[in-house]
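Numbered per the working numbering, the sequence shown spans residues 68 to 226.
Note that these hints are calculated values from the structure, not bench results. Just so you know, not all the hints are guaranteed correct.
Below, a list of computed lysine to aspartate or glutamate pairs in the DMTMM-like style, where the Cα atoms sit at most 25 Å apart [claimed, not checked]: (1) Lys110 <-> Glu131; (2) Lys207 <-> Glu131; (3) Lys207 <-> Asp167; (4) Lys159 <-> Asp94.
Ranges between beta-carbon positions, derived for each pair [as the list claims (entries may be wrong)]: (5) Thr101 <-> Leu173: 25 to 33 Å; (6) Val197 <-> Asp176: 22 to 30 Å; (7) Leu173 <-> Tyr107: 37 to 45 Å; (8) Leu138 <-> Glu164: 36 to 44 Å.
Note that the structure is a prediction, hence the values are computed from the model and not measured. Ideal Cβ positions, reconstructed from N, Cα and C, are used throughout, including at glycine.
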Amino acid sequence: LLTLCLHSFGQKETKERFWINAGTGLDYTGTITTGLTLSYQQKILTVSSRVINSGGCIFCTDAEFTRDFGLLFGLIYRKENGFISGGAGIGKMIYREMTDLGFYQLSNDGSNYGIPIELQTFFTVNKFGVGLYGFGNINKHRTFAGAMVCIQYEFFASK
68 LLTLCLHSFG QKETKERFWI NAGTGLDYTG TITTGLTLSY QQKILTVSSR VINSGGCIFC
128 TDAEFTRDFG LLFGLIYRKE NGFISGGAGI GKMIYREMTD LGFYQLSNDG SNYGIPIELQ
188 TFFTVNKFGV GLYGFGNINK HRTFAGAMVC IQYEFFASK
């Protein structure tokens, strides 16, 4: 039924497409977030892999952070100059929580598995685009969500 609805609204037919997004934004606590996604489209289906870093820097050892690594599957609706897609999958989160004891900072490192979710909406011209990437990870310890403004580069498309 969803396929019929998408095609009835004039979705642009594309056999295959690969693109990469990179961006920055905020998570739900207001922490600066950076991310990188690689996505593949086959007709109306998508597969995405992503890395999201929220808080801290990638090489810092004394800062709180949350990192999400995910593999997501979803659907896409594409027109000539843009698209919207959504997906969910399986992911692993790595995090560090810091507790300030006044004279010492205690760190608690952990990881767990969760369900990553995404929503991509982009305006595209030729191979380049700009848009929003909404993300989240639902898990039992440290669920989080946020949004990033991203640039996009499409490096392969077959018609």
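Now for the hints, and whether the structure bears them out:
no.: 1; hint: Lys110 <-> Glu131; verdict: 40 Å, violated
no.: 2; hint: Lys207 <-> Glu131; verdict: 18 Å, holds
no.: 3; hint: Lys207 <-> Asp167; verdict: 24 Å, holds
no.: 4; hint: Lys159 <-> Asp94; verdict: 17 Å, holds
no.: 5; hint: Thr101 <-> Leu173: 25 to 33 Å; verdict: 26 Å, holds
no.: 6; hint: Val197 <-> Asp176: 22 to 30 Å; verdict: 35 Å, violated
no.: 7; hint: Leu173 <-> Tyr107: 37 to 45 Å; verdict: 42 Å, holds
no.: 8; hint: Leu138 <-> Glu164: 36 to 44 Å; verdict: 25 Å, violated
Of the numbered hints listed earlier, those contradicted by the structure are 1, 6, 8.
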